[in-house]
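S.K.: As a plain string of letters, each chain reads:
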Amino acid sequence: MSTDSQALWTRARVFQDKFAALGAVVTDADVLQPAGTLLDLYGEDIRARAFTTHDALRGELMMRPDFTVPIVQQHMAIGAEPARYTYVGKVFRQQEQDESRRTEYVQVGYEVFDGSNPAAADAEVFAAMAELLNDLPVTASTGDIGILRAAVQGLATTDRRRAALMRHLWRPRRFKALLDRFGGRTPMPASRAALLEQADPMADLPPLLGLRTESEIALRIDALRDDASSDPISNVERDLMDALLKVRETAPNALTALRDISVDLPSIGVAVDRLAARLDALSARGIDVDALPFEASYGRTSMEYYDGFVFGFAADAELNLPPVATGGRYDALTTVLGGGTGVPAVGGVIRPDLVAIAEGAQ
Amino acid sequence: MTLKLGVPSKGRLMDKTFDWFAARGVTLRKSGSDREYAGAVDGIDGIELVLLSAGEIPRELDAGRIHLGVTGSDLVREKLSSWDQRVVEIAKMGFGGADLIIAVPNAWIDVDTLDDLDAVAAAFRANHGFRLRIATKYHRLVRDFLRENGVADYQLIDSQGATEGTIRNETAEAVADITSTGETLRANGLKILSDGMIHSSQATLFRGRRRGWTQEQRNTLKALDEKLSD
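These protein sequence lines are chains A and B, in that order.
My numbering applies: residue 1 is where the first sequence begins, and numbers increase by one.
My numbering applies: residue 1 is where the second sequence begins, and numbers increase by one.
Source of the hints: derived by calculation from the structure; they are not laboratory data.
Possibly wrong hints are sitting among the right ones.
[Unchecked claim] Short derived list, chain B residues pointing at chain A, Cβ under 8 Å:
{"#": "1", "residue": "Ser82"}
{"#": "2", "residue": "Asp112"}
{"#": "3", "residue": "Val120"}
{"#": "4", "residue": "Arg143"}
{"#": "5", "residue": "Asp153"}
{"#": "6", "residue": "Gln155"}
{"#": "7", "residue": "Ile157"}
{"#": "8", "residue": "Asp158"}
From a predicted model like this one, the values you see are computed outputs, not experimental measurements.
We put the beta carbon where it would ideally sit given N, CA and C, even for glycine.
Work out the full structure, taking the sequences as your base and the hints as a guide.
M.R.: Written as structure tokens, this is what we have:
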């Protein structure tokens, strides 16, 4: 082991000790994880990010791209709330675009499974990371996927459209395309219009092939007819959605802007109240909330399992580093991995290698 | 030091490549018997012919074991990540054309666009309990394309041949495959998505990165460039 590497692991253990001192149980996870679970969660895209390998008995395996999934599984299998965990170890990520990014690096994590006061738990994780980065020139970013979800759920449109938008919340391009179509801003594709003009499109169905059945095709056509006869999402709601996605201010200003939006989009009211409670909890932990940036779209492209509070800490942009620490709330993930029963959970990870680089650049 | 030119070692692609170079005053030929993978070059000095499988040419170019190579533009994009930082297109050669497309059964009358495919993938997963399967051998190209276009809830199934048959065999629901005329797809009861063109491929002359090239090799490339642009 080189001295660099020794220093790195020493630093990692110091971080872990701090998390342990907050009451976290030291835990670990296997490097090799069943690929099926990760593929079901993240879809095929995970193949471009994780390293896949194979074992004759166990089938396809992935080198853990993060700890969160196995830690949640462990907790759902044997844990009881409230619980706090910390772990340290390498994660493995393919870097197809940028050769300067590392394919394996050490993460130290802190995960909190405690539903008694979600705002306090959010603040606890954020403050724990901020504490370790106290002396460094890092910039925090925060966001809240829960507000976006609430906004979509509150749209005055069909369940099907809301579900389609919700499914693509993490794919901004597809999300916008759907919103444009549901809002009547882009015309229906010509092929679909032609299909729906037929009195009985199923009448001359070509021979079926494969597993998708005739009734599945008929149901989809019914759904398309339904959709075609539904009113478009109103311009008012569409503009509110745009305004919401653009909110990017210091936290108190963002809160005011979101309160204004919630007058016309009342569905986000509860989520905005949660943001307010979180800011109070952060403030109580000594975070300078008045200077804390908040961005409504933060975390939409990279952090698929987060569904509430999201945050990251970035080093000086000139260093061209990935975020030094990231985290967020992932209540829904615990439900998926817990087979229907979930627990409120929030966590974060910090990278000692990047902390060292940021420190060295000072 | 010679410049090594990698050319597909058999079939129409080899013949057409030989014709293409011959039309530009560079004669490539197999030396010795037809089974031997050694070659000779006339009409220009300093170039050595290396006969390889078209599928290996991208990797050999990337590794610097050959300096120039003729292969399908689809293969370069599939086999090399950030391909445009690793190799440079010298000339599109105008043959070996084929399109990488997505096709679904004709009976899917409700599916014509990627938007439809995505909606069907979501419903299919809910109904069948697994993600809609797309058979292909072009994993990277297809995955990048579908991500770019926001299609989710699918899985790629590896198919190295007879891909069109996978739907009939119920090992896939859709295919992403190379086609030049669409004939095989039609014969198998499949139709192409109207916005499912992933890449329009043709035989292309590539060069690798010039790091470590000698002046002599650089001069040879210049001489070749002049012949090709005549």
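S.K.: Against each hint, give a clear statement of whether it holds in the structure.
M.R.: Status of each hint after checking the structure:
1. Interface restraint check: Ser82/B against chain A, minimum CB-CB distance 6 Å, threshold 8 Å, status holds.
2. With a least beta-carbon distance of about 4 Å to chain A, the hint placing Asp112/B at the interface is held under the 8 Å criterion.
3. A cut of 8 Å between beta carbons decides the hint on Val120/B: the least distance to chain A is about 7 Å, and the hint holds.
4. Because the closest C-beta pair between Arg143/B and chain A is about 6 Å apart, less than 8 Å, the hint holds.
5. A least Cβ separation of about 6 Å between Asp153/B and chain A falls short of the 8 Å threshold, and the interface hint therefore holds.
6. Interface restraint check for Gln155/B: the shortest CB-CB distance to chain A comes to about 6 Å, inside 8 Å, so the restraint holds.
7. Among the interface hints, the one on Ile157/B is violated; its C-beta lies about 11 Å from the nearest C-beta in chain A, farther than the 8 Å criterion.
8. Taken as an interface hint, Asp158/B does not check out: its beta carbon lies about 11 Å from the nearest beta carbon of chain A, beyond 8 Å.
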